[in-house]
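J.: The primary structure of each chain is shown beneath.
Number of protein chains: 2
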Amino acid sequence: MQYIPAFSKLVEEFEKLPGVGSKSAQKMAYYIIAADKSVAKTFADSIIEAKQKIKCCSVCQNLTDKELCSICANEKRDASVICVVEKPGDIDAIERTRDYNGLYHVLHGLISPMSDVGPDDIKIAELLVRVSENDVKEVIMATSPNVEGQATAMYISKLLKPFEVKVTGLALGIPVGGSLEYSDSITIAQAMENRKELE
Amino acid sequence: MQYIPAFSKLVEEFEKLPGVGSKSAQKMAYYIIAADKSVAKTFADSIIEAKQKIKCCSVCQNLTDKELCSICANEKRDASVICVVEKPGDIDAIERTRDYNGLYHVLHGLISPMSDVGPDDIKIAELLVRVSENDVKEVIMATSPNVEGQATAMYISKLLKPFEVKVTGLALGIPVGGSLEYSDSITIAQAMENRKELE
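Respectively, the protein sequence lines represent chains H and G.
If you're matching positions, the first sequence starts at 9 in the working numbering and goes up one per residue.
If you're matching positions, the second sequence starts at 9 in the working numbering and goes up one per residue.
Worth flagging that the hints you see were computed from the coordinates, not collected in a lab.
Each hint should be verified, as a subset may be incorrect.
As the list claims (entries may be wrong) - Derived lysine-lysine pairs resembling DSSO-like cross-links, with alpha carbons at most 27 Å apart:
1) H:LYS169 - H:LYS131
2) H:LYS35 - G:LYS95
3) H:LYS24 - G:LYS45
4) H:LYS31 - G:LYS131
5) H:LYS49 - G:LYS166
6) H:LYS95 - G:LYS31
7) G:LYS95 - G:LYS174
Looking at chain H on its own, in the form it has when it is part of the complex (with noise of 0.2 Å):
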C-alpha cells in the first residue's frame, strides 16, 4: 500500500484483534473505507458503547451491564455450587450443555508467571471471599487442562482447604466424537486412569 497515514493505522488496529493477521486487517481496512460513513460510525459507536456499558457483575465477576449478571440474578441457580472459569466466554461453552444448575466465578485470566501474572492479578480474592461468606458446597475448577489452568487450580484448590468446600476438576479424555488414533498420548493416559466401569 503507498503509505497513507489514516490507513495504516487502521490496518494496525485491526491487526491487534486476536487472529487476525496482516492480510485480514487489510481486508477489514478497505471494508471500511468502502463501506457508508454510517456503517464505520456505529462501528466505532458500538466499541465505545460496549465498552462504556459492559462491566463484571460484582459476585461472579462475568460480564454484565447490570449489578448483577443474568446467572446470578437468577434465583433458580444453585447457589451452592461455583464453578470457576478463565474467561467469560468459558461460561457459554459450559451453558451451552444446559447441564450445568450451579453459578459461576470468572478469573479473568490465569496464573502465569510467564506473561508475568500472578494470583494478585487475577480475581481470586474474590472468589475466597464468596466462599467464605456463603453456604457454598463444592467448587468445581473448570481452568483447561493447560500448564497455566491446572497450576491455577491447584492453587486456588490449596487456598480453599480452610473453608471445608468440596474442590472438583473437570474429568480429562478423550473428547466425544474424537478418535483414538488421533488423540495425544497424555490424553489416552488419562483416558485410562480414569476409566470407568461400564453399566
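Please build the complex by placing chain G on the supplied structure of chain H, with the hints as guidance.
T.: Frame of chain H, contents of chain G only:
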C-alpha cells in the same frame, strides 16, 4: 452468551467484517471488553479518522489522503499506460512486483447483474474521460479472471475501441510454484492455448 445488548451489538458489528464468523467476532468483542479503555477509544477513533481522511484520487480513484494519490503524483511513472483494477488492494499486489511503472485506474467494483451492479455504478466513465483527454497508448485490463471480471473487461474494451488505444489483458496460465496436478482444467486449457516457445 447471556444476552447483553451492547455486547451482542459489538459482536454483530465485528461479524460484518470480511472473513469474520460468529466465533471470531465473539473473540474480538471479548478482546475489546478486556482491553484498556484507551485501546478501545484508539480503535474507534482510527475507524472514524480513516473514514474522514481517506478519499479517492481525483484521477485514478485509488485511495489517498491528498488530492492526487502517490502514484498519480509521481512524475516518473509512465502516464501512457493505464492498468485497470477492481479495487485498491489490487494495486498493492501489482506494486509489490516492482515490475510495472504505469498508472492505474480503480473501478471500485465489477459489473455484476446478479448483485445489481451496472456499468454506471463503477468508475468506467472516469476511465473514458482519462483516455479521451490524455495521450494514453495502452490500457491493461487487470480485473480478476472470473465471470464478473472478464465481463467487465470485455465491456470496457468495447467502449475503448473508438479511442484507438491498445487494450490488453493479463496472461492466464499455471501460477509460478503451482502444481499441474492440482490446477483446474480451465486453467490448464488456457495455459496450453497460450503456450510459448522456450528459448
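J.: Against this structure, judge whether each hint is valid.
T.: Quick rundown of the hints versus the structure:
1. In summary, the hint linking LYS169 of chain H to LYS131 of chain H is supported, as the alpha carbons are separated by about 18 Å, within the 27 Å threshold.
2. Distance check on the hinted pair: LYS35 of chain H and LYS95 of chain G sit about 11 Å apart at the alpha-carbon level, within 27 Å; holds.
3. Of the supplied pair hints, the one linking LYS24 of chain H and LYS45 of chain G holds, its CA atoms being roughly 15 Å apart against a limit of 27 Å.
4. At most 27 Å may separate the alpha-carbon atoms for a hinted pair to count; LYS31 of chain H and LYS131 of chain G meet this at roughly 25 Å.
5. For the suggested pair LYS49 of chain H and LYS166 of chain G, the alpha carbons sit about 40 Å apart, so the restraint of at most 27 Å is broken.
6. At most 27 Å may separate the alpha-carbon atoms for a hinted pair to count; LYS95 of chain H and LYS31 of chain G meet this at roughly 15 Å.
7. A hinted pair counts as satisfied when its Cα atoms are at most 27 Å apart, and LYS95 of chain G with LYS174 of chain G qualifies at roughly 22 Å.
The structure is inconsistent with hint 5 alone, although it conforms to all the rest.
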